[in-house]
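Asks: Here are the chains, one letter per residue:
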Amino acid sequence: MDGMEELIGEFLMESHESLDRLDEDLVALEDRPRDPDLLANIFRAVHTIKGTCGFLSFVKLERVTHAGENLLSMLRDGELLCTPRMVTALLELTDAMRSILNTIEQTSGEGQTNYQTLVAEFECLVMGDHASARQPLITGLSAEVTVADTAPPLMDAGPNGTTSAAQLDVGADGRLIVPDDVFEIDGIVLPPPSPRRITPQLTDFEVSAAGKILVPDDVLEIDGIELPPPTPKRGAPRPTFELVTPEADPQPAKVGAEPSEAKAPETTAPDAKAKAPKAIQQEANIRVGVGLLDELMNLVGELVLTRNQMLQFSDASSDPNFHATTQRLSAITSELQEGVMKTRMQPIGTVWQKFPRLARDIARSCGKKVRIEMEGKETELDRTIVEAIKDPLTHIIRNSIDHGIESPSVRAAAGKNIEGTIRLRAYHEGGQVNITISDDGAGIDPERIRAKAIAKRLVSIERSRLMSDRDLLHLIFAPGFSTAEKVTNISGRGVGMDVVKTNVERIGGSIDVSSSVGRGTTLKMKIPLTLAIVPALMVEASGHRFAIPQVSLRELVRLEGDAATTAVETIYGAPVFRLRERLLPLIRLHEALELPEPAPCAPGMIPELNIVVVQADDRSFGIIVDEILDSEEIVVKGLGKQVKGIPCFAGATIMGDGHVALILDVVGLAQGSGLGDGTVSRDTDRAETTRSESTAQMLLIFGVGERRRMAVPLEAVSRLEEFDRDAVELAAGSDAIQYRGGILPLIHVADHIGGCRPPTEVPQLLPVVVFAGADTRRVGLVVDHIIDIVEEDIEIQGLGTRGMVVGSAIVQEKVTDLLDARGLIERFDPAFFEAGDAA
Amino acid sequence: MKTQLCTFTLGELFLGVPVDEVQEVIRQQPMTPVPKSAPEISGLINLRGQIVTAIDLKQRLKLGPRAADAKTMNVVIRRDDGAVSLLVDEIGDVLDLAQSVLEPTPENIDAEAKALIRGVYKLEDRLLLVLDTEKVVAV
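Those sequence lines, one after another, are chains A and B. Going by our numbering, the first sequence opens with residue 1, and the numbers climb by one from there. Going by our numbering, the second sequence opens with residue 1001, and the numbers climb by one from there.
For reference, chain B alone in the conformation it holds in the complex (with noise of 0.2 Å):
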């Protein structure tokens, strides 16, 4: 089902990526940082024997980086070159908008932080936002 989000949130917002492009959901693994690298990794974890890349969802949402204490959650998503991990304050559930629209996303958001958006549907409560996989890992 397209239509059916994993959702989490960050900070204020609430944002979800389809389900079928997440591999699992994990609670905050011992992270090994990684020098010389982008400001938005915020480095490895060991899954299951897998290294998998971890990127600090925050920072790539230009809202400034994690606080060092922050409770953390892992969204792994699944792909083809090597699962990579979303660091998200809290995991909600997976929403079903076979009924919403799915807006563009309004144009005053900071430039670098929409193109990373797909969208926006409009739910009763709040809005949630659609992030876009592909452009959040490439870092």
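With the rest of the complex left out, here is chain A (with noise of 0.2 Å):
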């Protein structure tokens, strides 16, 4: 019946929607117990998926749904007040809906489960308050029939159309199917068989086995008939029934009747449709489905490229007609390309849709009280960026209620409302959508982060110690990170903000985070707007093309002629390049990518030097290509996944000649190349571009390799020490020498450090620095001269970590390295600071 499947496949898409605008208006009854409209819409959307279930057989659902549709029409009629207990049972109510749904969805049936307790639960909160004389409820049908899809007329009924409910055949909700040519059922006349109410209240009677209803003696009238008197004999169960037009419960009107007045029902034809004719919708709306929608997408990003292709051709013919015709051939794709992104655009409420009845499930398992304000909900993203952020705000909203909102009793102890906030904030900007989430919970600690990271050894103790606040609540995004005291079942596993963090960047985005203790937290997140189609610039390296996106873009440097032998400084192996007055760290593109180098400058050609200023997070850095192209707006597409895993590539593209490009992913170039590893993230955008640790120190600077000079702060140190190179001896494998006792393990510095040079001559004494660590252990750090000990007041300027080295630094005006001692040391034995702090 193919009939059938379409209806029952309506069904279940129209019913998951109504069940997620259930849940939200659900948790706002909790706040607004006798909001009416709340209440009008709640039920209606339970009611019409009843109504729905009765035709299509669902019979379990019907009949938990049913349950729930009693309590529904008790509160809008305002006969029982809306307690929390019974927003949880309607709740429960929903998730078990959904789960029917699913069930039906994928095997056709309703499944197993019956639901009973949460029928009986209904039943309960309804008896509640009720103080009337009504018979119990409906606790299951006696009789179980099948529903037929037409009542056929009756054989036998009499001359006036005149039966007995004994004749009539019996609904699968215990409700007997009237046919249209019965006008009287056992003496009681039935109304003309015109549009009438069907009162769900009908079914709260008994069903005696026979199919028959059972009528307590104080209801004197049933859907506006009037009932016989009871006779004499009391306690005999009254023939009575429900009456019933020939088809199931019609949905009621769409758009603001109320249900009591609108409900249409069937026409008296047998065969009549389930659902009502639908109401007119205020807006115009067609379903489209998302294949469809994608498959466009797909041949509007074929139509830009060749429109690019033709662009090209235009511009090689000199023929004004074909120049014309291009031109508005590129107007018009450009507006269809802009047309069909509209379609993929979703309003971000359809993410945040769930996070009312999230908070609260959530907020009342941990015992706090929470609610969620969000404002800019129907800022809208591309389809794809929606699905993917759904986790991610799923995560974080989860760990602000756990871990950053207090309880109350904290809350009412610092003077704030005990109910916390969680505001969520979605505007467009500069072509990027920005979404906050805030909240006035307990805030992050930075000293506590510090502890926790250096405790996991995320971190040194010195480079904690160089970390700003900001530096150090990023700590939350790495990996294995968590500062939950104990770990909830709701988060607290140290997984959760560093998933997050990669899933908002494999889109494209960034996230942040800033915090006040004792006042709240804030994350936020930057996201692009498309995907598919991004204006980019084309660069050359070693003859091959790559698209750079220039969302990731900052500026673009060219020098020449001696500038651009001169301008490139090097320490040590990292090119770095002055931006005014920033240290620039650079990339040679052709090296990152292990491509050959490029034919250097022919004799007579003028040198330059090509620079692309790119941002990636929020590092700035440069890369080095042999030529600067065109800007391009190019069509992404995805790399197969033979190649999708290298990190410098976010994509491919087909250029105007036909030919493949490689997009290049700059977040990926960058950790590939050693610019910084993520945990600690300098920030050289901002005017201040240095970070500094204003106090004075004391530092010990000494030589490595011939002209390396390194400095490590000299509290830090133990003792200075010479040895004959003689007396070093092996012991487990490496240098070793009899020191005060005992054996004193010894670390070459220069072979640590990347780009060293070994001086032309070892000399007959070693230089050795002494480091001592936990009980007594000891280690010596071998360099090549001891320079000189210092009191400066110094800058460090952040170039990230490469290899060992925490930064740089200009010592006794000239260019020194920090050393990262205690990170080499450990590399050497990892227990070696572990009882106590050697720094």
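If you are wondering where the hints come from, they were derived from the structure by calculation, not from laboratory data. Source: prediction; values computed, not measured. A virtual CB, placed ideally from N, CA and C, is assigned to each residue, including glycine. Treat the hints with care, as some may be off.
In the DSSO-like style, the derived pairs of lysine-lysine whose C-alpha atoms are separated by at most 30 Å in a straight line are [stated by the list, open to error]:
#1 B:Lys1114 / A:Lys641
#2 B:Lys1122 / A:Lys644
#3 A:Lys644 / B:Lys1114
#4 B:Lys1135 / A:Lys644
#5 B:Lys1036 / A:Lys641
#6 A:Lys641 / B:Lys1122
#7 B:Lys1036 / B:Lys1135
#8 A:Lys354 / A:Lys452
Covered stretches of chain B (in silico footprint by chain A; criterion: 3 or more residues with CB under 8 Å from a CB of chain A, positions within the stretch not fixed) [what the hints assert, rightly or not]:
#9 1039 to 1047
#10 1052 to 1064
#11 1081 to 1092
#12 1122 to 1133
Both chains are sitting in their own frames, so use the hints and assemble them into the complex.
Replies: Below, the structure written as structure tokens:
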């Protein structure tokens, strides 16, 4: 039955949508239990679903829905006041409904669960405050009969169309199906089968084995039909029945009307449709399959590429007609592109919709009170982005409730409102969507983060001292990090925030955190608006063309002549460039991609240097390329799985000339070239571009290799010694020397620092910087010569971490690297500093 | 017909894949190499607007890289997750092997390459190796 399948499909789709809205409304109802609109909407939604399931013979679904509907009708009529317990039961109902719907979708059957407890709970709730003499409600149907789609006319209806209830078929819900040609049942005259109201309350009555409905004595009227007075024999069940027209409960009109008036029941035709003709929706909408939209999107992408090719031919041609036509084609293509993009846009509200309920559930399980405020839910995003941020946002909210918002008692003691607030905001800005999630909870304490990071060896003590509060907060994004005292089953397993960051970055976005202890925390995400067609800068390296998305681009630097050859300074293998008082780390693109070196500048040609300054996260760096070509709009195409994993590439595109070009992933390039490990983000974009430790430090300066100057804080050093090179022996595979009755292991610093040229001769005396660790551990770092000890107020200029270097500074007018002594020593013996602090 | 194979030559080898796995066969295309990719990946080609990954079948079968000037043809394998092209020397005919028996691959072939071959057909004048495309494209 094709029609049936289609109907069921539509039913499933609409019901799911309905359920999502229901969740939202129910949570709102908890706050505003008397709101008549809310109650009406909720009732209508549940009633609608119940009605259709009757027709489609989804017995279980109908039964459980019906139980909830009872409660809702009493709430709607003001006979009961909504309590949190009721809301919980109703939310459980939506879950139950969803679950049955899913089972129907997958197996075409309703599954095994009966939801008896839920139904019983509803009965309990209905009975709770209701002091009438009503009989107990149906707990189950005593007669389960299949529903006939049509009710054939009665064979032996009496002359006036009379019959008795016993003759009639019973529907799955215990109701009798009354054919149209019956006008009288058991002596009770039926009203004519014109549009009439079906009262759900009728199903409140018990159904006898014969399918008859037992009516308590105090009920005098059913559905406008006056019942004959009770016979003198009390207690005997009166034959009564429920009056139903042949088809199932019709759906009430969707727009605005009150359910009790607007129920347009079916026509008298026995095979009337299950749904009432849909009331006119306010806007003209059409349902379109998502697959079709994706196809359109692809086609538009192809059109853009072809348009680009046309433009190339047009440029090469001198035919004015051709030009004009191509221009027109170009304009139309752009508009079409824009239009199709819009079809893929979804308001972020669709994701946010689930959050009030989620927050309520989590808050209750934590014993906290939280509410969600949303601003900007109509902000639109591309569909794929909406999908991608669902999980990150959910996790952030969980975290916020679990760890951020304090318990009501703590909040009260702090003078805060016992109900915590999480505020979600979304808005467009500069081609990106900004989403902020702020809470007024306890905030994140940078000191606790620092302690935890050190304990988890994510950062060394020295390095942590160099980090600003902001840097420390960003450590929450490091893999393996969690500050929760106890891991709850909601969050705190330390896998959350780094996955959030990865997911956000995967769609080209960025995430930032700021916090104020005691006041709250704010997470901010920036996500590009569209993924598929982006403006990009084409560059060339070693004869290969690459595209750099414009969103990452900051500026272009071009130098010619002498400046070109001298501008790039090297700090031992690491090229840098002074860009307006900033030290900009550089990557040579052909090196990063392991391509052959470009041909050197021919004699007689003016040397040139092209640097593309880009930004990844909050870090800027420069990419040295051979040539900077045009800016183009490119269609981003994904890479096949054989090449998808390469971090430097974000995708590929087809150029106007038909050749394929790879799209660079700026973040991937940075990481691949060792520009920072992501846990410490140094902001080189601000006006003050240096991190300063403003307290003067005592520094030990020494030389490593022939020309390299390095320094460590003097307070970290235990002693300075000089050993005869012949006294060096081997212990456990590495160099060591006998020292003060013990064995002192030696680490040759030069071996661990990249880019060191060994001195031309090994001196007889080896200078050694001795460090002390836990217990009586000691280790000696062998250097080439001790230069000096100075007290200086240094400003460390961050280059990220390359090898064992924390940063560089100008000390005694020379560029000096700060050695990550702790890191180096821990590489050798991870437990060296364990019980104490050597620094 | 499961037994119809699209055949091609690669050096000394005569290879085949089921004909319904082949989307098309096309001559040499301009290739964009992918830096830092596995050595078996020759690069990307533009197939009527689709970007298709090209695998150097010679390299994949552990026979060393293709010569830069070798005559090349593309056998484009149709797959759900995106087409993949195999670089071969020359295209042969479509052969129907309903009458033949697929023999197991000999043991003395390099183990990694052996994993990529489903079996061997003994033809009159030579052997036909049947490739397991699923494994071949899993680089």
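Asks: Would you mind marking each hint as holding or not holding in the structure?
Replies: Quick rundown of the hints versus the structure:
1. Using a Cα cut-off of 30 Å, the hinted pair Lys1114 (chain B) and Lys641 (chain A) holds, with the two alpha carbons roughly 23 Å apart.
2. Restraint check: the Cα-Cα separation between Lys1122 (chain B) and Lys644 (chain A) comes to about 39 Å, which exceeds 30 Å; the hinted pair is violated.
3. For the hint pairing Lys644 (chain A) with Lys1114 (chain B), the CA-to-CA distance comes to about 26 Å; that is within 30 Å, so the pair holds.
4. Restraint check: the Cα-Cα separation between Lys1135 (chain B) and Lys644 (chain A) comes to about 17 Å, which is no more than 30 Å; the hinted pair holds.
5. This hinted pair checks out: Lys1036 (chain B) and Lys641 (chain A) have alpha carbons roughly 14 Å apart, not beyond 30 Å.
6. As the CA atoms of Lys641 (chain A) and Lys1122 (chain B) are separated by approximately 34 Å, the hinted pair breaks the 30 Å bound.
7. At roughly 22 Å between alpha-carbon atoms, Lys1036 (chain B) and Lys1135 (chain B) fall within 30 Å of each other, so this suggested pair holds.
8. For the given pair, Lys354 (chain A) sits about 33 Å from Lys452 (chain A) by alpha-carbon distance, which is inconsistent with the 30 Å threshold.
9. With 5 residues carrying a beta carbon less than 8 Å from a beta carbon of chain A, the region 1039 to 1047 of chain B meets the three-residue requirement, and the given coverage holds.
10. Counting residues of the region 1052 to 1064 of chain B whose CB falls under 8 Å from any CB of chain A gives 3; the rule of at least 3 is met.
11. Figure legend: the region 1081 to 1092 of chain B, annotated as covered by chain A; annotation consistent (3 residues with Cβ-Cβ distances under 8 Å, at least 3 required).
12. Counting residues of the region 1122 to 1133 of chain B whose beta carbon lies closer than 8 Å to any beta carbon of chain A gives 0, which falls short of the minimum of three for the stated coverage.
Hint check: violations occur at hints 2, 6, 8 and 12; the rest are consistent with the structure.
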